[in-house]
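Asker: Using the sequences and the hints given, assemble the complete structure.
Chains A and B are the protein sequences, given in the same order.
Going by the numbering used here, the first sequence wraps up at 192, each residue one higher than the last.
Going by the numbering used here, the second sequence wraps up at 384, each residue one higher than the last.
Be aware that a few hints might be false.
Said to hold, decoys possible - Cross-link-like lysine-lysine pairs, in silico, DSS-like; alpha carbons within 25 Å at most: (1) A:167 - A:104; (2) B:279 - B:364; (3) B:364 - A:2; (4) A:2 - A:87; (5) B:364 - B:224; (6) A:172 - B:194; (7) A:2 - A:172; (8) A:172 - A:32; (9) A:104 - B:224.
Read the hints as simulated data drawn from the structure, not as lab findings.
Quick caveat, the model's predicted, so the values are computed rather than measured.
The residues making up each chain are set out below.
Number of protein chains: 2
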Amino acid sequence: MKTVPFTFELAGPDFVPSTYDNHIQRRLSAMKGQYLDQAAYAAMLAEGDPLLYEVYELQRPTVAGELLHGISIVHPGLVGDEYNMTKGHFHEVLETGEIYYCLKGRGFMVMETPEGETAVEPLFPGRVLYVLPRWAHRSVNASLDEDLVTFFVYPGNAGHDYGTIEKQGFRKLVVAQDGEPAIVDNPRWGQP
Amino acid sequence: MKTVPFTFELAGPDFVPSTYDNHIQRRLSAMKGQYLDQAAYAAMLAEGDPLLYEVYELQRPTVAGELLHGISIVHPGLVGDEYNMTKGHFHEVLETGEIYYCLKGRGFMVMETPEGETAVEPLFPGRVLYVLPRWAHRSVNASLDEDLVTFFVYPGNAGHDYGTIEKQGFRKLVVAQDGEPAIVDNPRWGQP
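Answerer: Listed below in C-alpha cells is the structure:
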C-alpha cells in the first residue's frame with residue numbers, strides 16, 4: 001500500500017480512475033430479493049446475468065483517520081419497473097458518514113435510518129451529497145441510456161453492513177412511471 | 193446543524209457551493225513570515241492587503257465519523273517570485289488524511305511529514321489527490337490568470353495545527369522561474 005501521497009485522474013466519458021486497486025462488478029444474481037418485481041427478476045436471470053454496477057476502489061488501511069474512496073458506476077436499465085441500483089448498505093460503524101460527488105448521469109440516493117426516517121435525493125453532475133452518519137444509502141440510476149457515476153469518500157473504519165438491507169430492503173423505491181422516475185413506498189419492506 | 197442528508201451544487205465558472213455555512217477569507221496580512229521574499233511581502237502589504245484565498249465550509253460536528261468538506265479557492269498572483277498559496281497545516285490529530293479533488297486551475301500541493309519526507313503533486317481539473325495521514329499540506333496556485341479550485345474532505349476530528357508551519361515553513365517552495373513554476377528548496381526552512 002502506498003506510503004506517500006498519491007494521485008489519479010477522473011476523466012470523461014467513462015470516469016474510470018486512471019489507477020485503482022480493486023474493481024468490483026455486481027451482476028443481477030447478486031441482487032436476489034432486492035427488486036420488487038421478483039417474477040421479472042427471475043425471468044431476466046433465466047436469460048443471463050447482466051452487469052448492473054461497478055466500483056473502483058483505492059486501497060487504504062481500514063482504520064479511523066484514513067479515507068476510503070473510489071468511483072461507483074451504475075449502468076442504465078430496469079428490472080421490472082425498477083431502475084438499476086446498488087445493493088445499498090448501512091456502515092458497520094453506524095456513526096460514520098459518506099460524501100458523494102456526482103460526475104455523470106441522473107439518479108437518486110435512497111436513504112434511511114434504523115429508526116425509519118427516509119430521504120431520497122436527486123443526483124446530477126456537480127452535485128455533492130452528504131450522507132449523514134446512521135443513514136443507509138443506495139444509488140439508483142434513473143436514466144435508461146447513461147451511466148450514473150459518483151465519486152465517494154468515507155472513513156476508513158466504517159465497514160459495510162449489507163445484511164440488514166438484504167433482509168428488509170429500503171422503505172422507498174424508485175420506479176419508472178410513464179417513463180419518468182417516481183418515488184414510491186416499498187410494499188415488501190421488512191419482509192424476509 | 194442539519195439532521196438529515198443534504199446536498200449542494202458546484203458549478204463553474206467559480207465553483208462557489210450553492211449553499212455553505214462558513215466563508216473564510218485569507219488576506220496577505222495573514223501570511224506574515226510565510227513568503228521567502230520578505231521585502232516583497234512588506235512592500236506589497238504597504239500598498240494594501242489583497243485577498244489571497246477563500247474557503248467555503250459546510251458545518252458538521254468535529255468528531256470522528258463525520259466528514260468535514262468544502263471548497264478552497266486560491267486566487268492567482270505572486271509575492272516576489274512565489275505563487276499565491278494557502279497557509280498550510282498539519283492536522284492536529286496527525287493520523288488523519290485528506291482528499292482533494294481539483295475542479296479548476298493549475299497548481300501544486302506541497303506536502304511534508306514531521307520526519308522530513310517531502311512531496312509536491314501537480315493539481316489540474318479531474319485530478320484526485322490523497323494526502324496521507326501525517327502529511328502537512330499547502331495548495332499553491334501556479335497560474336497567474338486563473339483561480340485554483342479544489343473540493344476537500346477530511347475526518348471531523350482532524351483539527352488544524354497551523355502553528356508548526358507558521359514557525360518553520362515548508363521545506364519546498366513553488367516559485368516562478370522564466371515564467372514557469374519550479375520547485376525549489378526553502379532556504380529559510382526551520383528559521384523562526
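Asker: For each hint, tell me whether it holds in the structure or not.
Answerer: Okay, the hints, checked on the actual structure:
1. The hinted pair formed by residue 167 of chain A and residue 104 of chain A fails the criterion: a straight-line CA distance of about 31 Å is larger than 25 Å.
2. For the suggested pair residue 279 of chain B and residue 364 of chain B, the alpha carbons sit about 14 Å apart, so the restraint of at most 25 Å is met.
3. At roughly 21 Å between alpha-carbon atoms, residue 364 of chain B and residue 2 of chain A fall within 25 Å of each other, so this suggested pair holds.
4. The straight-line distance between the Cα atoms of residue 2 of chain A and residue 87 of chain A is roughly 29 Å, outside the 25 Å bound, and the hint therefore fails.
5. At most 25 Å may separate the alpha-carbon atoms for a hinted pair to count; residue 364 of chain B and residue 224 of chain B meet this at roughly 18 Å.
6. The hinted pair formed by residue 172 of chain A and residue 194 of chain B meets the criterion: a straight-line CA distance of about 21 Å does not exceed 25 Å.
7. For the hint linking residue 2 of chain A to residue 172 of chain A, the alpha-carbon distance of about 40 Å lies beyond 25 Å, and the restraint is violated.
8. Taking the CA atoms of residue 172 of chain A and residue 32 of chain A, the gap is about 17 Å. The hint holds against a cut of 25 Å.
9. The suggested pairing of residue 104 of chain A with residue 224 of chain B is violated, with an alpha-carbon distance near 42 Å, which exceeds 25 Å.
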